[in-house]
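**Student:** This is what each chain is made of:
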Amino acid sequence: MSDDLKIVGLLCNWCCYGGADTAGTARMQYSPNIRIIRVMCSGRINPSMIFKAFQEGADGVFVGGCHIGDCHYDAGNYKWSRRSKIVEDILEEFGIEKERFRHEWISASEGEKFQRTMEEFHKTLTKLGPLELE
Amino acid sequence: MSYVLAKSQNNEILEAGECGGAVTSILKYLLDEGLVDGVLALSPQDDVYDAFPVFVTDSEDLLKTAGSYHCAPTMIGDLVQKYFIDKKVAFTVKPCDMRAVEELITRHKINRDNIYMIGLNCGGTVSPVSGRKMIDLFYEANPDDVVSEEIDKGQFIIELADGSEEAVKIHDLENEGYGRRNNCQRCDVKIPRKANIACGNWGAEDGWTFIEINDEKGQELIDGAKKAGILETKSPSDAAVEGRSKVENIMIKMAKKNQDATYPTVSEMTEWSRCISCYACRDVCPICWCFENCELNKPYFKDEANIPPVPIAFQGVRLSHMSFSCVDCGQCDDVCPMDIPVSLIFDKLQKKYYDRTGYVAGVSDDIKPPLYSPEKTEL
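Keeping their order, the protein sequence lines are chains A and B.
Those letters in the first sequence? Residues 1 to 134, per the numbering used here, in order.
Those letters in the second sequence? Residues 1001 to 1379, per the numbering used here, in order.
Because the hints were derived from the structure by calculation, they are not lab data.
In this text, all values refer to a predicted model and were calculated from it rather than measured experimentally.
Each residue gets a CB set at the ideal place from its N, CA and C atoms; glycine is no exception.
Be aware that a few hints might be false.
List time: in silico DMTMM-like cross-link candidates among lysine to aspartate or glutamate, alpha-carbon distance up to 25 Å [unchecked claim]:
1) A:123 <-> A:74
2) A:85 <-> B:1355
3) B:1246 <-> A:97
4) B:1253 <-> B:1176
5) B:1302 <-> A:74
6) A:85 <-> B:1295
7) B:1298 <-> A:56
8) B:1368 <-> B:1176
9) B:1352 <-> A:99
10) A:6 <-> B:1166
11) A:98 <-> B:1355
12) B:1064 <-> B:1144
13) B:1368 <-> A:3
14) B:1376 <-> A:132
15) B:1351 <-> A:97
16) B:1133 <-> B:1047
Here are some of the chain A residues that sit facing chain B, going by a computed Cβ distance under 7 Å [claimed, not checked]:
17) 6
18) 55
19) 85
Covered by chain A, according to a simulated footprint, are these stretches of chain B (three or more residues, beta-carbon under 8 Å) [unchecked claim]:
20) 1212 to 1221
21) 1253 to 1267
22) 1294 to 1302
23) 1307 to 1318
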């Protein structure tokens, strides 16, 4: 591995996880820093999971969910999208750059978008360097 | 919504109560008629700096609770949900109490049908410790000789045993770091309009209480008390209504000014490194109701070896749970043994949330806590 930046990825089972799978089966190349955790829906992600990831040494946290309107459970991604704003507000308070936290809607067929997003996110984090929490 | 001026018909109450004794009379009416099982009211202790909530079931005992106590900032909301969940109970509320109760109602922790909220207009409260110090420094009196205190016309007025009064402008006190509690200085909800009725002396003539009736239940309450012969009412003049809203507006304007001044971020505040993980702020918070199920108690967040805790894994988690519902009651500031201004950050995030959604905790009419609603909207 060229660097040891750690990205924790929380991906929804029905869309973004499928997207990562598609990227993988199509052998698309992206930086290998992400550790993927599969969740059933982006709507089940609590802000505290993000905070825990940062506390345990993640340099960035990525959340992937279904496109708005495509949620397997109807409205889970709406809930997440509202929650993500709170997460942003709180991270700002604790001196964590808001660029370290990113969320994106990626469907199961969008392997290419997953690859692109990962590359972008990795680039952003490389610029920011490792996260230091006091 | 309508306005009345009210005054007690009971001489004992008139004497004991403040400006007409209407509140005590209404509570007495509720008890005597058996409309409630009991009344939760503040009972003064040895001096004016100490009062604690008592559950009164005999209307004779109500007399002891009459009067106002600015130096005993308490919180009624969590008491009601912890101990009186299945009782019919009436209680007086400051605006922050009312907001806490409203938030708990939306969380199904309090049943609206079981409670009577008698609102009290509130210009702010004073912490007992700094209250004592302040009287020692700025007044010519000994703090122990004070028999009663009052906030009126921008002044903090104390009355001594011999009947003499002394007043100092609150503005001057606050410039020196005393006066009202910090959260009260920035609070912009001065009249509890979600309580059944909101009482106070703003705009009222001497010896009368100005009451704003907020809902049908409040109207029934006033009508009932009148019928029972314990309360007399008259309608206020236009000048009185105007005077009252003028007082309110001045207060709100002052609060807004204070809001502009304070609010550093957590990472800028050195106070947080003093945290000793005692969880007192969580335990006292009226909105935090999970108790032993609190996420902070879970093994994956319990971090006893690490003191002070990593702020984001302690206050960050609490912020994400309830900051959007923070009612800015300041209880967390009061109980913190390390004097961390906890409420500052919670209030700040509630204000941010307001900017995003227009939701004011305990004041807006939303049926569900905003983050949990099933609505299909983005922010």
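**Student:** So, against the hints stated earlier in the document, which numbers end up violated here?
**Tutor:** When the structure is compared with the hints, numbers 1, 3, 5, 8, 10, 13, 14, 17 and 20 turn out to be violated.
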